[in-house]
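Protein chains: 4
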Amino acid sequence: MELGMIGLGRMGGAMSQRLLQAGHQVSGYARSTDTMKQLEEKGLVAASSVEDLVSKLKPQRIIWLMIPSGKPVDETIGILMPLLEADDVIIDGGNSDYKDTLRRAETLRARQIHYVDVGTSGGVWGLENGYSMMVGGDDGVVSHLEPLFETLAPGPNKGWGHVGPCGAGHFTKMIHNGIEYGIMQAYGEGFAIMHHKEEFKLDLHQVAEIWRYGSVIQSWLLDLTAAALEKNPGLEGIAPYVADSGEGRWTVAEAIDLNVAAPVITLSLLQRLQSRDSDSFSDKLLSALRNQFGGHAMKKE
Amino acid sequence: MELGMIGLGRMGGAMSQRLLQAGHQVSGYARSTDTMKQLEEKGLVAASSVEDLVSKLKPQRIIWLMIPSGKPVDETIGILMPLLEADDVIIDGGNSDYKDTLRRAETLRARQIHYVDVGTSGGVWGLENGYSMMVGGDDGVVSHLEPLFETLAPGPNKGWGHVGPCGAGHFTKMIHNGIEYGIMQAYGEGFAIMHHKEEFKLDLHQVAEIWRYGSVIQSWLLDLTAAALEKNPGLEGIAPYVADSGEGRWTVAEAIDLNVAAPVITLSLLQRLQSRDSDSFSDKLLSALRNQFGGHAMKKE
Amino acid sequence: MELGMIGLGRMGGAMSQRLLQAGHQVSGYARSTDTMKQLEEKGLVAASSVEDLVSKLKPQRIIWLMIPSGKPVDETIGILMPLLEADDVIIDGGNSDYKDTLRRAETLRARQIHYVDVGTSGGVWGLENGYSMMVGGDDGVVSHLEPLFETLAPGPNKGWGHVGPCGAGHFTKMIHNGIEYGIMQAYGEGFAIMHHKEEFKLDLHQVAEIWRYGSVIQSWLLDLTAAALEKNPGLEGIAPYVADSGEGRWTVAEAIDLNVAAPVITLSLLQRLQSRDSDSFSDKLLSALRNQFGGHAMKKE
Amino acid sequence: MELGMIGLGRMGGAMSQRLLQAGHQVSGYARSTDTMKQLEEKGLVAASSVEDLVSKLKPQRIIWLMIPSGKPVDETIGILMPLLEADDVIIDGGNSDYKDTLRRAETLRARQIHYVDVGTSGGVWGLENGYSMMVGGDDGVVSHLEPLFETLAPGPNKGWGHVGPCGAGHFTKMIHNGIEYGIMQAYGEGFAIMHHKEEFKLDLHQVAEIWRYGSVIQSWLLDLTAAALEKNPGLEGIAPYVADSGEGRWTVAEAIDLNVAAPVITLSLLQRLQSRDSDSFSDKLLSALRNQFGGHAMKKE
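For the record, the sequence lines run as chains Y, G, B and A.
Anchor point for the first sequence: position 193 equals 193 in the UniProt record's numbering, and the numbering is continuous, going up by one each time.
Anchor point for the second sequence: position 215 equals 215 in the UniProt record's numbering, and the numbering is continuous, going up by one each time.
Anchor point for the third sequence: position 104 equals 104 in the UniProt record's numbering, and the numbering is continuous, going up by one each time.
Anchor point for the fourth sequence: position 278 equals 278 in the UniProt record's numbering, and the numbering is continuous, going up by one each time.
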């Protein structure tokens, strides 16, 4: 199929490559020209602007956005809208808030432009392994895009699905990431306990390797844990600082909105916040209070 | 090799079978004779008592315990001790508390009996897939037992390892189970949020299947989640009641002893406790307090 | 001073009474006429509608809203706006989301109507003990209202303060309620543990009474706990079901927005959600998973 | 009454003083002679050793221990045991683990020495305000000691009680401290959120003062919070490092043993552990994992 990819970073670039390898015609545009040049060698038709990209595509145009969520998506849709025609398709493959997706779909529906949200998992390994994709949108357009999903997926009829109407793809991906937070934190805690159990002198890389085969907790994140510990068994030089990119927060807010208690996903998010606050006001107040009532010495900063 | 298996339940029975299939000579004893009879057809030499089992083995005897942790292990070791000779080997493959293992090892060391702890993961799927085994014990004896571990493991030189001295095997398995609690709870919460998001009419089995291929959260527990949801998409008839068998509690206690904060593993345990307390005194008191200060109506039981 | 009170429920009714007792002239309107009649005997001038209430007041009018947060506040302000003149004052003494307060203040500022937010704590005991009030608004108008705050407060120059610009009063009250959730949950858990420690046959009312005098954890909520346990030591007939009225959720969301980890306030909210979900999908899935990997029996519903 | 106090630190010294002021005859012994000298001026009879202390008392001797829990208590009881006679009384007023108390009571019962556990709250303010005391022990001996409790308590027949058999006093005090952890953490989090809400420029000391009068969350710990924030509004120079002295851990362990979910008390403990671990291995692993799957940059140490 023919499509235009906007955003050629770690995700968009690799996805374009996987599509090109399978014979799809991919035009691409990115703000940075570096990856564009590399992808041109692999068959990508480079565009100099969003307008240029649109002009390179024949209707029914398919535009796939693989850009940071939030404002960039709104801005790009704003540029695209007057350039597109009825029946053209915009796909948002990034980590957008599903509520934004619902709003955007409505705006685009008024212009008869199809909007499809593709929650995409797989990270930097997707080029080789394929991507897991949760697709939201109308039946007709999703069927039409099937060849793209089949190419990007890990195998025929595997790892992707049409999960519901527009919004359902990003919703499901949000939950995916919330679960990811919880699983990562579970491994993190387990390995931390072993790290502190000095008497057994455990080789944490070895333990991770053992668990990779036959254990109840085998997983891809465990494979990555083993890889990280092989390279750097003591995790030397890595700051205990964990970023978050939004989906965890949205999952926590959604759970509360739905009156569902999700303590583990929630605590996983809070742990990340905490990893970035080395000067906790709360802890200071507790230290001051212990001094007030018990005369306990406060540690000085 | 020749060994005697005590305990022929879900785990011990399947392990015996896997060992027999590979040509090892396995004598076995279990309190219930049912599985013994089935295993006899597969080559097991059935013993009528622990004493009988010991008598069937030539020194250096290898006895593998696959029985419930706690008292049963102490009792069985108590029976075995006078029957065994110096250099014989007892393996505890169950989910014993590693502190019990340290204590037992010391007692047996005084009698020159080797003690080896094998944290064993794999559940009911181990017969087919092999077991993940974390082995604790002295170098010599663990080397000697290698052919058994290689047979039980999922593949050559995979899924098992000698992780440290006696106790380290059960310690590592305890952590494994703590992590397992956290991962299960993360999936549980994520699927619960999706279950309550009625507007998208998600097919939870489909979502689980999508995630199995290419996603960051692919895992064996996700495979099982997909299988459970395929059979029973609404989880009808299953009570929201989650048992626990001890390792989670030990992990939480160990983390606190080591001054390691493990909020996710801890909350996973507390969630299980809560699932079994449908009559929370704390919740009742909160309801009473809200009535006291705000005049809010209390729900009646 | 002269003021008009809209909402004469548990809070607004008692506040009107306290104001009347101190000699203020209070006109009042409420949808239900029951309390209005009782308050008329104590000097309240009853109004038949919001319009009637406004007509009874001389400019610079002071209207105090003591009504449920959300839509009712917006609707009432919508009715008031055309009836009021420049320099009139609307006070929102309810538990509004401070973000709504910021929005409303802006709308009213455009009409030169003053808006003052008063986070009010004290519950049904405020009539007798006075109210704790966190006031947000412009300096001039807050000074002008001082006689009202002094009357409602527990004592001269005590228990109320001008904490910041409009929004700061409701923000501070929101935090107050978040803390309240945490404290209540802490007592709830402590008493639940004692309730389950059957061997000591503790008299929980006695324990609460002991702690009320001289202990580090003495508090008003403990006084109420003691009162609740005196009346009903086993909390018989009270369902383990805890409602929440919004401020806890907002506090949790605010903490996450500010990147502040607030695990205890957060978990207190989740506990309330959980108290209302006796059919946890997550717990069911965990039970199904344990069955899948370990062959453990599932409890039937 | 006549009694011997062992341990004259912040707690034991102040309690001796309060007893002396009320006319009781107090002999005292402490390893450090500093406070002994000060107390001699107030009427204390100083002893040069435990033996000397015992020799100064007439049977039925009453010895009150106010020393660190754990080994010091066992050692002191070890010294006392041969020196005491049947019917003498040892009181442990410190923060002992109630399980140790049960064990010690049994040992002493065999020698017909009475053992009474007094969970004591009040901290450095007890001298002035009186102490809250939860007393465990046999009826007869507790009745006999009543004049001491009445003197130490905040007022006649207030703030102390005979809560159950030996062990019940320390058990109840342990729960008291668990609740204390939760309440402190709730305040800490609330004030931290306000501290980070820069747009309102809140004066946290002012807010604490407002809440002290008439609010639902008024408490003694809030009074202390206000005092701490008055002295040092930004908590400058205080490290975000919170110690713990054991009772929180015991409460968490006890809750789990009793199958009671106590998430808030538990998380309060974990938060303290975390405040002391500025080099979290778990956080490092999460950072490494995010790099592995998403190519996200890791912050360097």
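Worth flagging that the hints you see were computed from the coordinates, not collected in a lab.
Predicted, not measured: the structure shown is a model, and the values here were computed from it.
Some clues are possibly wrong.
No distinction is drawn between identical chains; accordingly, a pair holds when it is met within one copy or between any pair of copies.
[To be verified] Below are the DMTMM-like pairs computed for lysine to aspartate or glutamate, each with C-alpha atoms no more than 20 Å apart in a straight line: (1) Lys99 with Asp223; (2) Lys99 with Glu75; (3) Lys71 with Glu51; (4) Lys56 with Glu236.
Here's how the hints hold up against the structure:
1. For the homomeric pair Lys99 and Asp223, neither the shortest alpha-carbon distance inside one copy (33 Å) nor that between copies (29 Å) is at most 20 Å.
2. Within a single copy, Lys99 and Glu75 get their C-alpha atoms as close as 16 Å, which meets the 20 Å cut-off; across copies the closest is 26 Å, which misses it.
3. In this assembly of identical chains, Lys71 and Glu51 lie within 20 Å of each other by CA distance solely inside one copy; the values are 19 Å within and 45 Å between copies.
4. Taking the closest pair of Cα atoms, Lys56 and Glu236 never come within 20 Å of each other, the shortest separation being 49 Å inside a single copy and 53 Å across copies.
Checked against the numbered hints above, the structure violates hints 1, 4; every other hint is satisfied.
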